[in-house]
Amino acid sequence: MSVRRLIAAAIIPLALLATACGGGEPAAAPTSSEDPEKFEDASLVIYSGRNENLVGPLIDKLKTATGLDVQVRYGDSAELAAQILEEGERTRADLFFSQDAGALGALSKAGVLAPLPQPLLDRVPEKYRSADGTWIGVSGRARVIVYDPRTVQDPPKSVFDLTDPKYKDKVGWAPTNASFQSFVTALRLVSGEDKARKWLEDMKANGTQTFSNNGNILNAVDEGKVSAGLINHYYWYEKVAEKGEAGVPSKLSFPAEGDPGALVNVAGVSVLKASKHGAAAQKAAEFMLGTEAQKYFADETKEYPLVEGVATAPGLPALDSIKGPDLDLSKLDSLEQTLTLLKEVGLV
Amino acid sequence: MLLVPAVFAALVSLLPIVYLVVRAAEGGLGVVAETLWRARTLELAVRSLGLAAVVTLLCVVIGVSLAWLVVRTDLPGRRVFGVLAALPLAVPSYVAAYTWVAALPDLSGFWGSVMVLTLVSYPYVYLPAAAALARLDPAMEEVALSLGRGRMSVVLRQLRPSVAAGGLLVAMYVLAEFGAVAIMRFDVFTTQIYTSYRAGFDRTPAAVLGLLLVVVTSAIVVAEARSRGRASYATRGAPARRRRVVALRPAARVAGLAWSTSVAVAAVGFPFAAICYWLLDGASAELRPAELFSAFGATLSMSAAGALVSTALAVPVGVIAARHRGRTASFLEQSTYVGHALPGIVIALSLVFFGVRYAYPLYQRWPMLVLAYAVLFLPAAVGAVRASVLQAPPVVEEVARSLGRGPLAVMREVTLPLALPGVLAGGALVFLTAMKELPATLLLRPTGMETLATRLWTETGSGAYGAAAPYAALLMLVAAVPGFVLGHRSTREDA
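As they're listed, the protein sequences go chains A and B. When we follow the numbering used here, the leftmost residue of the first sequence carries the number 14, and every step to the right adds one. When we follow the numbering used here, the leftmost residue of the second sequence carries the number 149, and every step to the right adds one.
Everything labelled a hint here was simulated from the structure, so no lab data went into it. Small disclaimer: the values here were computed from a predicted structure and weren't measured. You may find that some hints are simply not true.
Said to hold, decoys possible - Going by beta-carbon spacing under 8 Å, a handful of chain B positions derived as facing chain A: (1) 474; (2) 590; (3) 591; (4) 609.
For glycine and all other residues, C-beta sits at the position ideal for the given N, C-alpha and C.
Given only the sequences and the hints, what does the whole structure look like? Please build it.
Following this line, the structure appears as structure tokens:
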């Protein structure tokens, strides 16, 4: 490269950037001399905190079913929420598809979500949507205790059973996992800070083994390395679907009514207030709660469909038989206090 | 004339600070004070500084010793070792951390983080140290000897600016690092910043902590600049004679071989072998060539554009930093270090903030991502430009001036051609670093664009490690090309 070209290469992007960045004070309200509509895509933009490998096929179904031109931006649920907050009025997101209720609750609190129509909200039970109607759960994931029937005769029915000396060094958990942390948040909110701390300390004192994720806990139980573990239900059903019942010696125990260990968290959607494609976004949300999508969650990801009339995958107990703690899922956004607690106990 | 683009580069680099001030101020003094006063903040700051200090020290030891063995001794196979010494640049820190943890599950915490970060970042010291050793004038050493001083007194003194600049990059890189320490489950300052975003959905504490990180880093940058002092490092007059090579004694030769080999095995051999194993193990996973190819294309084009813009911004700043003394020159140079001092997510969110407000047509378009790469990796490019301009003797420029050339003509016809190899090497460094970038890429890429790094993130995120292997392997192979070029350059006689 000649020096002349190098300098030219320096000047062109500089000029481009100089015109692009404009100037002015950041605190000022968004202004632009150009018409933003001109650059606006005609397509519906979904910010998805759920992994492309899990929901990519569903998005294809959405395109086919609705005829909408859909673009998806995949990311981490919480980081996408931060991005939406930073974008404010000018967000390019029309629909936010979050992996958990906490990120939806945070956006709802910030007032950037549009209310969903009542008939749509009414499709799912009240506990799986926000009280102000700004987000709705589309699939449920239950916390369960996986145990090894070869060594455990009497399946544990509560997370509090696991501090028993008979489980010394024999339980697995994943303190860095987001689902586990949501469960601890529920435990804090339902049983109180002191009881939550005591449970964590007792579990730790009882030699509970730390794993990096749910899948490893499940494998350890199947291999007989530990007798029980705390996971999400669908890991077990996916493994059974892959290896057959005979290849998975472990069994699941759904904790008893009111136990914080019986938390059912949701993945959910919300329409952005600033969306210029409100109608299309709503159509997409409706699709997520339609039979086809609900069946997809039941059969492909082994989650709980939340709309009545759609069958859960074979072998799963009915969703309404899981009587989880009485809890507003929006409150799961107090994850920071949970992390502080986990740090104080020395788990993360 | 150079001042205008240099000021522009500095301003762009300082954008994230403006953003952080806006967000921190939003919460009011109460939140600011409360965040700063938390005992945990201090504890994490101390941990981060400790980690940065130990990693930097080890990188200096490894980088300088390898550079000396490769450039100044008759170590057998030193050219191969020279190339191998630069190749860890091709290994993303999160991949290195992941492969080490997978092999040794007990490895974690402070020493796990120290090991992984040292192994991936010592080339930042090795490369400038090798270049400095290669251009040392043997006459200076002879003068030192004749004055009754040891040879090393000159060598070490001449090495100081290069090693300090490399060490600075390492220290800042470690302070801003998140991926590898998260895998090692070692909480540092950046963990707190990420936690604020991810768990608290709260931007004010994150901004306060980000600013604190900037303050700490600025103190380190200023200290390094002071230590650089006013000494001159250019060679004068005729080019240096062929450098003297030290003949190693047998014992030293064995020790040198053992040392170079163990570093190469741990830093290059292990991660590449782990990826091969990973590839074979996951061979059953379906390979999607179209996706692999488009991710490959996106990675190449975005990183190349990032390297180009970064180098273009770095040239004026680097030349001014090399040729001028004073507050303005050092302010301009030090401003560009901000990008390196902050975690990727902070840079990304600040560009979201400004992009949405002042460059909406470019927002979530490729130029924004390219700009992010330029801001993030500008210091490496500035360092390369400054070092190579410093090496060009000013007397040649003075001669050109005396022959009637204007300042710009001198720059174009004398300074830049002399500095060009170094400038291009800086560009190559930015190119391969940008390829591995993840947090800013996730937030700023055009919707629908996937790079090798984001694909790797998607596949590992759904537990599909077999499917992730081809992306990791391709990423490391592609990044190894500029890594190879840089390493090869470090072993050349006239480097």
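How the hints compare with the structure:
The closest approach between the C-beta of residue 474(B) and any C-beta of chain A is roughly 23 Å, which is over the 8 Å cut-off, so the hint fails. The closest approach between the C-beta of residue 590(B) and any C-beta of chain A is roughly 5 Å, which is under the 8 Å cut-off, so the hint is satisfied. For residue 591(B), the interface hint holds, the least distance from its beta-carbon to any beta-carbon of chain A being 6 Å, beneath 8 Å. Given hint, residue 609(B) at the interface with chain A, holds; its Cβ is 5 Å from that chain's nearest Cβ, closer than 8 Å.
The structure fails to meet hint 1 from the earlier list, while all remaining hints are met.
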